[in-house]
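Engineer: Sequence:
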Amino acid sequence: MKEQHDNELDKLFAEKLGNFKAEPPDKVWRTVAAGVITGAASTAVWSTVAKPIIWSLSLVTMVFVVTTSNNEPREKLFTDQNTITREHIAHLPALSTEELDMDNQYEKLTPIHTDYNFDIIIPEPSDPAEPLLATAIDDQPDDNNTINTNVLISSNTHVQEDVPSLLRTINTTYIPFSPEKFTPALIESEFELSQPGDYVRTPWLYLSYNMGPDAFAFSQNGIDFNSWGTNYGLGVSMHMSEFYFRTGLNFLNITQKNSYQYSQNEYLQVGEHTVVDSISFELIGYDSLNNPIWEPEYYTSSQPQYDSVPVNYNTHSLDKYRFFEIPMMIGIQKDIKRFTLYAQTGFTYTFSLNSSELSRNHFEETSGIQTQEWTPLSEQHLDNFWSFSLAMGAYYNTNRNLAFGIEPTYRYYIDPFFSGPGIDQHTPVSYGFRFRLLYKL
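Numbering (our numbering), first residue to last: 1 to 441.
Rather than coming from a laboratory, the hints here were simulated on the basis of the structure.
Just so it is clear, CB atoms sit at the ideal spot from N, CA and C, and this is done for glycine as well.
It cannot be assumed that every hint is accurate.
[Said to hold, decoys possible] Calculated lysine-lysine pairs in the DSS-like style (CA-CA distance at most 27 Å, straight line):
| hint | residue 1 | residue 2 |
| --- | --- | --- |
| 1 | 257 | 320 |
| 2 | 337 | 440 |
| 3 | 334 | 257 |
[Unchecked claim] Simulated restraints, written as ranges between beta carbons of each label pair:
| hint | residue 1 | residue 2 | range |
| --- | --- | --- | --- |
| 4 | 366 | 386 | 29 to 39 Å |
| 5 | 249 | 270 | 52 to 62 Å |
| 6 | 399 | 364 | 52 to 62 Å |
Start from the sequences and build out the full structure, keeping to the hints where you can.
Structural biologist: Okay, here's the thing in structure tokens:
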């Protein structure tokens with residue numbers, strides 16, 4: 001740069017000195033001074049502004065070029081440094097063409113020349129996630145006549161076309177691996193309880209089996225009494241997010257203590273009658289003809305009178321009633337890890353299936369009593385009725401498909417439980433408890 005500046009000054013002086021003869025000296029030197037000042041100013045601007053800009057652009061260009069050139073995959077860079085060339089393969093001895101038993105992965109190849117020791121190794125990659133291909137070492141004693149040849153093989157597939165045949169030969173030999181680096185693949189279909197989020201699976205369809213007791217509070221003829229029942233059945237629920245609709249078919253068995261009145265003939269005392277035990281005569285006077293007048297005296301006693309009369313008795317029996325129920329419920333549920341809480345409400349339609357009550361013939365056969373009359377004191381049940389139900393429960397999810405839980409229930413019967421005129425139309429209620437087994441489809 002300095003030489004260029006000097007050349008420009010010399011050229012300027014040479015041009016201007018030729019004008020001394022044509023121009024006055026004052027004007028010529030004024031021109032020379034202006035050229036010197038302009039050249040000095042240009043040099044200062046070049047050093048202060050242009051040089052830093054050029055250096056900065058050069059540095060940015062260099063960094064960009066280096067970054068772009070190193071932006072290749074690490075496997076490709078590693079391969080370029082460790083490519084097996086034809087010269088390496090030419091120095092390798094010919095391997096035996098003897099057929100290998102592919103079932104025996106521990107069989108080794110027998111080289112023709114035994115004065116070579118081949119170590120096929122791969123440098124340990126810096127990334128622990130990159131798999132190491134193999135390290136196969138021939139167990140030959142190390143002596144002075146042994147030539148050690150190290151061949152580097154990359155774990156990627158960017159190798160020359162003449163190398164795959166060698167790699168296929170090497171893969172038939174025993175390839176040791178480190179058990180510490182072996183990690184079995186996770187089976188995604190396996191239900192892992194340790195994985196959060198896998199505790200609960202909410203499909204759109206549930207099948208359930210329900211069973212449990214029911215306690216009924218009745219009122220009949222102004223007298224309150226309780227009955228017990230068992231309820232079991234199958235249910236199906238369709239889920240839409242946290243809401244669901246549940247229905248099914250339940251069997252309700254009620255055991256109720258009923259009363260019956262019957263009458264039978266018995267030989268009982270129905271009254272008393274008088275019996276003349278003896279008679280005597282007493283003289284009380286004479287008549288006009290002077291005849292005596294005798295008055296009889298009777299000595300009597302009372303005797304009980306018996307007769308066959310009907311007698312009324314009462315008896316009790318545990319009668320059974322069987323009903324079909326069709327529940328129609330809507331509910332909401334919330335999943336908390338392995339547990340699911342839910343609440344539901346709705347209506348249940350119940351209709352009679354059959355009943356088992358104490359009959360007159362059965363009573364006479366079992367007791368041996370001949371009854372004159374038979375009157376049930378308990379009123380008859382309705383054949384069908386509606387009830388309103390409330391229930392809350394929880395179940396435990398054992399795995400992705402199976403769960404079990406409990407469900408307390410409360411039912412209010414809209415219709416009276418008994419039929420017939422002249423009875424107390426008190427609406428019964430029931431309290432139940434259900435054990436549930438659920439299967440998720």
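Engineer: Evaluate each hint against the coordinates.
Structural biologist: Taking the hints in turn, this is what the structure says about them:
no. : hint                  : verdict
1   : 257 - 320             : 9 Å, holds
2   : 337 - 440             : 16 Å, holds
3   : 334 - 257             : 42 Å, violated
4   : 366 - 386: 29 to 39 Å : 37 Å, holds
5   : 249 - 270: 52 to 62 Å : 59 Å, holds
6   : 399 - 364: 52 to 62 Å : 58 Å, holds
Violated hint: 3 only; the structure is consistent with all others.
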